[in-house]
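*Asks:* Sequence:
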Amino acid sequence: MGLDASEPAPALPSFALSFPVQVAAMGIVLAMAVVMTLHLVFTAPFHYPLSRLNFILQLTGTLLFLVNVAASLGVVLRDLRHYAQVWPHVMPYASEPLPPPVGRWTVAQVVFFTLLQSATTASAHITHIQFLTLLFPSALEKRLILWMLGPLALVQAGMFFTSLADQRNVKVLDLGDAIQNICESTLALLYTIALVVWGTFVNWRRAWRTDGATAMFGAAALFLAFVKTVISFVHIVYDRTYWIQLISWALTVWQSWLGFWWWVSAGMGIGEVEDRLRRQERARQRHARRQRRQCKQEPSDSTDVSSTALQRLLGTLSPRRTSTVGESIPMAARPSHQNEDAPQAPQTGDSPLSEVLTHSETQPESASSGLSQHTTTYGTASEVLPWVVRMGRVIERHQPNIIRQRLDRLRIAHQRAAMQAVPRQASAYAQVTNRAGEAGPSVLGMQGTRPRLTSKALAPKSDEENAIARMRLQDRTTYD
Numbered sequence: 001m002g003l004d005a006s007e008p009a010p011a012l013p014s015f016a017l018s019f020p021v022q023v024a025a026m027g028i029v030l031a032m033a034v035v036m037t038l039h040l041v042f043t044a045p046f047h048y049p050l051s052r053l054n055f056i057l058q059l060t061g062t063l064l065f066l067v068n069v070a071a072s073l074g075v076v077l078r079d080l081r082h083y084a085q086v087w088p089h090v091m092p093y094a095s096e097p098l099p100p101p102v103g104r105w106t107v108a109q110v111v112f113f114t115l116l117q118s119a120t121t122a123s124a125h126i127t128h129i130q131f132l133t134l135l136f137p138s139a140l141e142k143r144l145i146l147w148m149l150g151p152l153a154l155v156q157a158g159m160f161f162t163s164l165a166d167q168r169n170v171k172v173l174d175l176g177d178a179i180q181n182i183c184e185s186t187l188a189l190l191y192t193i194a195l196v197v198w199g200t201f202v203n204w205r206r207a208w209r210t211d212g213a214t215a216m217f218g219a220a221a222l223f224l225a226f227v228k229t230v231i232s233f234v235h236i237v238y239d240r241t242y243w244i245q246l247i248s249w250a251l252t253v254w255q256s257w258l259g260f261w262w263w264v265s266a267g268m269g270i271g272e273v274e275d276r277l278r279r280q281e282r283a284r285q286r287h288a289r290r291q292r293r294q295c296k297q298e299p300s301d302s303t304d305v306s307s308t309a310l311q312r313l314l315g316t317l318s319p320r321r322t323s324t325v326g327e328s329i330p331m332a333a334r335p336s337h338q339n340e341d342a343p344q345a346p347q348t349g350d351s352p353l354s355e356v357l358t359h360s361e362t363q364p365e366s367a368s369s370g371l372s373q374h375t376t377t378y379g380t381a382s383e384v385l386p387w388v389v390r391m392g393r394v395i396e397r398h399q400p401n402i403i404r405q406r407l408d409r410l411r412i413a414h415q416r417a418a419m420q421a422v423p424r425q426a427s428a429y430a431q432v433t434n435r436a437g438e439a440g441p442s443v444l445g446m447q448g449t450r451p452r453l454t455s456k457a458l459a460p461k462s463d464e465e466n467a468i469a470r471m472r473l474q475d476r477t478t479y480d
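Each residue of the sequence shown is one higher than the last, beginning at 1 in full-length UniProt numbering.
Just so you know, the hints here were simulated from the structure itself, not pulled from any lab data.
Every residue, glycine too, gets a C-beta built ideally from N, C-alpha and C.
Please note that the accuracy of each hint is not assured.
Stated by the list, open to error - Pairwise CB distance ranges, derived in the manner of DEER restraints: (1) 412 with 173: 45 to 51 Å; (2) 15 with 70: 21 to 27 Å; (3) 146 with 67: 37 to 43 Å; (4) 67 with 400: 46 to 52 Å; (5) 44 with 170: 44 to 50 Å; (6) 161 with 88: 21 to 27 Å; (7) 151 with 233: 30 to 36 Å; (8) 144 with 74: 40 to 46 Å.
Please build the complete structure, drawing on both the sequences and the hints.
*Replies:* This is the structure:
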């Protein structure tokens, strides 16, 4: 740890590699690990029923991370104490390399410390990969995520064992550090892209709700993802800055936790399915209104033609008879609200026909007007879409057919898997909300994540939709 007394200036390292910066960074990361552990402990009654595997992975990864940071800080402070026994009035400037060279530690100590670092990295990445499978639940998406991210996480965890090589073998050490940093930066970039895709294209209607801190969870998760990506790429250049790896682990753990509660506060897969059912219901209503308008236009057109023909054929009739026919036939072509206030036509042979037409057209128009007023509450016109979604749809229209087919396949698989997961998620959510109601105000109560699916709003037609309607979850989302 000491400096070269003969040439102190060339031996002076950068301030980022100094001992005070290393101790300060370790202290900050240790505090983040302790707070993360407390969060997991207090939210365990709600986190565990919602996703048992995710809770177990997050708890395991956080505990390993806490032990790793505490052990690293303990090693550094112990070496500082030994240094102070020799130089009581001098503090070392250079940071402590972790793990120390084999000459200072035994081989068993170096192996166990390296194994702890590898397990911490693997656990953090496995937790985040499993969290991404919650966002993208279909079997096709899961295979894509596992085969794309899994090998990178395993390779990065395995590269820690290159530190067991001889310190004189510089090529092996540099190659191991380079591969490890490249895998870390690639994983961080892919994590960020996955969160952006889910938050802006898959479930953007609920991911950025202002109620229940949903948008805050999303903004925090994306901010940490962006910061982690930047730090990972910076670590490629400064690969000997050991404390950067600890900060990267802390950001990964916190990103997984914030992302999970972002997914929960956005309604999990329930909200996504509910929005899709609402869009389908609105499409059915628009189609029904369009058909009613077409049916209303066709009788009026035929009435105009018949009135013109009758006027030509009855030109030789008496003026009284002609006026009677002329008054009774246009009555059907008038709007319904005019027919109600208009005087009744004489009781001739053609009058009942006009009255029947007027009566048959009045109720559908009023029903359609009332229905349109009900459905405008959930307006989703193209002008209210976020600019990112609009840009994505423009790109989708101009992409090659082979890419469009692959994306359509992913979309269909995602929708089917989300629909199948709704009953299981709803039962877990009901269990959590019942427990929260017995225990009083909780994290879920503060988040306001209680989507309610009603049969009146959705008009379910299939068994899956009927199951959703029975969930009776409260929805505080407003669609303007």
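*Asks:* Between the beta carbons of residue 44 and residue 170, is the distance compatible with 44 to 50 Å?
*Replies:* 47 Å, holds
*Asks:* Cβ-Cβ distance between residue 412 and residue 173: within 45 to 51 Å?
*Replies:* About 48 Å separates the Cβ atoms of residue 412 and residue 173, which means 45 to 51 Å holds.
*Asks:* Quick one: are residue 15 and residue 70 within 21 to 27 Å, going by C-beta?
*Replies:* The hinted range 21 to 27 Å holds for residue 15 and residue 70, with Cβ atoms some 25 Å apart.
*Asks:* Within 46 to 52 Å: is that where the Cβ-Cβ distance between residue 67 and residue 400 falls?
*Replies:* Given a distance of about 50 Å, which is inside 46 to 52 Å, the answer is holds.
*Asks:* Cβ-Cβ distance between residue 151 and residue 233: within 30 to 36 Å?
*Replies:* 20 Å, violated
*Asks:* Within 37 to 43 Å or not, the Cβ separation of residue 146 and residue 67?
*Replies:* For residue 146 and residue 67 the Cβ distance comes to about 27 Å; the hint is violated.
*Asks:* Falls inside 40 to 46 Å, the C-beta gap from residue 144 to residue 74?
*Replies:* 41 Å, holds
*Asks:* Does the Cβ-Cβ separation between residue 161 and residue 88 fall within 21 to 27 Å?
*Replies:* Violated, at about 38 Å.
Checked against the numbered hints given earlier, this structure breaks hints 3, 6, 7; the rest are met.
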